[in-house]
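Visitor: The chain contents come next:
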Amino acid sequence: MTKLTLSRALNEGLRKAMERDPKVLIMGEDVGKLGGVFRVTDGLQKDFGEARVVDTPLAESGIVGTAIGLALRGYRPVCEIQFDGFVFPAFDQITSQLAKMRYRSKGNVTLPVVVRIPFGGGIGAVEHHSESPEALFIHTGGLRVVACSDPVDAYAMIQQSIMSDDPVIFFEPKRRYWERAEVDTAGGLAEALPLDKAKVVVGGTDVTVLCYGPMVKTCLAAAAAAGEEGRSLEVIDLRSLSPLDTETIFESVQRTGRCVVAHEAPVTGGLGAEIAARVTEACFYQLEAPVLRVGGFSTPYPPSRLEEHYLPDLDRVLDAVDRTFAY
Amino acid sequence: MTVNDAGRAASADPLRLGGQPESAEFIQLLTPEGERVEHPDYPLEISAEEVRSLYRDLVLIRRIDYEAIALQRQGELGIWASLLGQEAAQVGSGRALEPKDMAFPTYREHGVAWCRGLDPTKLLELFRGVSHGGWDPKEHGLHLYTIVIGSQTLHATGYAMGIQRDGAVGEDGEAVIVYFGDGATSQGDVNEAFIWASVTNAPVVFFCQNNQWAISEPLERQSRVPLYLRAHGFGFPGVRVDGNDVLACLAVTRKAMQAAREGQGPTLIEAFTYRMGAHTTTDDPTRYRLAAELETWKLKDPIERVKAYLVRNQLADEKFFADLEAESDEVGARIRKACREMPDPDPMTIFENVYTEPNALLESERDQYAAYLDSFEEVTR
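Chains as they are written, first to last, in my numbering: chain A, 1215 to 1541; chain B, 8 to 388.
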């Protein structure tokens, strides 16, 4: 076991994947000598060479478009998009090409491309550096969309994503890059939860709190605070945002009768809306209250001096929990 | 050939992509030693007063930049993108513009913003996280800073197409200038802007500050030919100017803007310069570039050469330099104070200006959040 930051855990996971399979490539802006702006690819170009860790021209559509071509040729590219707000130039390649190739070819073509995106706010950044665009990808059939929340999952999930023959949009919780945890980098992935399974992080009986990425830590803190007041929250890290592990979600909500979904992304048209609809349908008779959502406002991401208002914090999660008891 | 060989072949290109161009390979009117040279295509009649005024802008914007870096270090700004080394490219081109012209900047054009009369504290607001810019582009002929790389080249081209439709092309017409960097030339948007401007003959000048580095990536990662040569393939002229020579940047931009306003269409200007500092205050260039390169460029400083020219030709006396230093101190003190005193915005402004008219959903989100905030105040009381 080694104590690693989330950023370092991703780095170790990438290294393992590159050692395991010579077809794995890393491509993106500043991923080489610099090691990426968050140092996730630190040292990999030095060890694996410029042909496998590619500093690309500054063009995101080109990064994903050429990754598709490399995948057609048998490679497994891992693309780094530098910040969430810069994925949009590549949006066409991701949604119109990457997501649909398998379907169009009746399964003859698989595109094992991973697109890594640091997402979310809370780092005091300027515009386009704090966004949570996951719903746009969840809405697109053919993409797996996952989000890691801690170093242990980061290490395993990046490797599982690279091994997946489906394209994976891999969201990394930017403001948690420096969080540390013990990670077992010696063992294999046999013990790791499958990529498409949600994880019950803390068991509870009163309310199911669903979250992912940076909000997991927030919701765990909320569960601890609620526990002091005698309320038992079950916190589930969704991990796979598409496809959703509805089995784990429904089992929990049918037990607790209350459900709160928390994400940084705007609630309007967000993943919380999708979950609310599905939970309502599957757990209608067990529900004691409507499914409540906690998330960003239906506005652009504000200037960073206001982001603490925009980002759901422990109090806003607890406020929603309280409201589920008011029905 | 391995993947790596391609990069090396490009560096050895006789067009000297990655090396230092000889003066014959770019337009220069003032050498790094401060010697005035003539160029047949760019005659420049300029008074001593004008040169002193350019020098003043160079000195003041470098001071503002210096203060902003310090304010970031002190935690007053979230981040700052320094223009150090690019003062001449920005002041030379910025001063070539007419008030009615429109400029579209990236996030590093503090020198252009200065020339357009924007209060530098507006820039500090953005980098402090108090606003996303927030100024009125019409007021200063300066569009908002654009952070997504290259997007603004299309906006500038579209704006220029509007000028054509308004019949505002002509000898006294309007023109547009758009700024971007060497890295941006790889973006699809920039190449599409070149195409649009070319086929519509739009009155737009593409001003590329080639500062040699896109964060950690040297120009070789973006291009195998000097950037100004790209224009020819799109069907309009491209010129390379010494980006550390304020006089050359002024003359070349003025000519290109005049051509645009008269209906002769776009020009690509490659201002060959160097990013002397980090990409932003969060970047560490020692990880990817050699200190020796920086030393070479220090000898080509855009400000020192103007000072040498003024002194050698006795166009400015000691009092001028002393007064400017005092003014620079005043500007520095003013923006430090303004930055430190800048209040955080009201949280309810999050909900403003999302749409032109109020809508029920957003109003209910706002009201709920206001009530939520009030509930804490009640507890505190």
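Hints listed in this document are in silico derivations from the structure and should not be mistaken for laboratory results. The model shown is predicted, which means the values in this text are computed figures rather than measured ones. We treat Cβ as the ideally placed atom computed from N, Cα and C, and that holds for glycine. Careful, some of the hints might be misleading.
Claimed, not checked - Pairwise CB distance ranges, derived in the manner of DEER restraints:
#1 A:Ala1438 to B:Gln375: 53 to 59 Å
#2 A:Ala1438 to B:Ala377: 41 to 47 Å
#3 A:Ala1438 to B:Ala345: 39 to 45 Å
#4 A:Ala1487 to B:Val361: 15 to 21 Å
Unchecked claim - Capping the alpha-carbon separation at 20 Å, the derived lysine to aspartate or glutamate pairs in EDC-like fashion look like this:
#5 A:Lys1260 to B:Glu227
#6 B:Lys262 to B:Glu40
#7 B:Lys314 to B:Asp330
#8 A:Lys1247 to B:Asp48
#9 A:Lys1247 to B:Asp291
Visitor: Now tell me if each hint is right for this structure.
Guide: Status of each hint after checking the structure:
At about 26 Å, the CB distance of Ala1438 (chain A) to Gln375 (chain B) disagrees with the hint of 53 to 59 Å. The hinted range of 41 to 47 Å is not satisfied by Ala1438 (chain A) and Ala377 (chain B), whose Cβ atoms lie roughly 28 Å apart. The hinted range of 39 to 45 Å is satisfied by Ala1438 (chain A) and Ala345 (chain B), whose Cβ atoms lie roughly 42 Å apart. A hinted range of 15 to 21 Å holds for the C-beta pair Ala1487 (chain A) and Val361 (chain B), which are about 19 Å apart.
Taking the CA atoms of Lys1260 (chain A) and Glu227 (chain B), the gap is near 19 Å; set against the 20 Å cutoff, the hint holds. With a C-alpha separation of about 25 Å, the suggested pairing of Lys262 (chain B) with Glu40 (chain B) is violated against the 20 Å cut-off. For a cut-off of 20 Å, the pair hint linking Lys314 (chain B) to Asp330 (chain B) stands: about 14 Å separates their Cα positions. A threshold of 20 Å between alpha carbons decides the hint, and for Lys1247 (chain A) with Asp48 (chain B) the separation of about 42 Å lies outside it, so the pair is violated.
Between Lys1247 (chain A) and Asp291 (chain B) the CA atoms are separated by roughly 11 Å; this keeps the pair inside 20 Å, and the hint holds.
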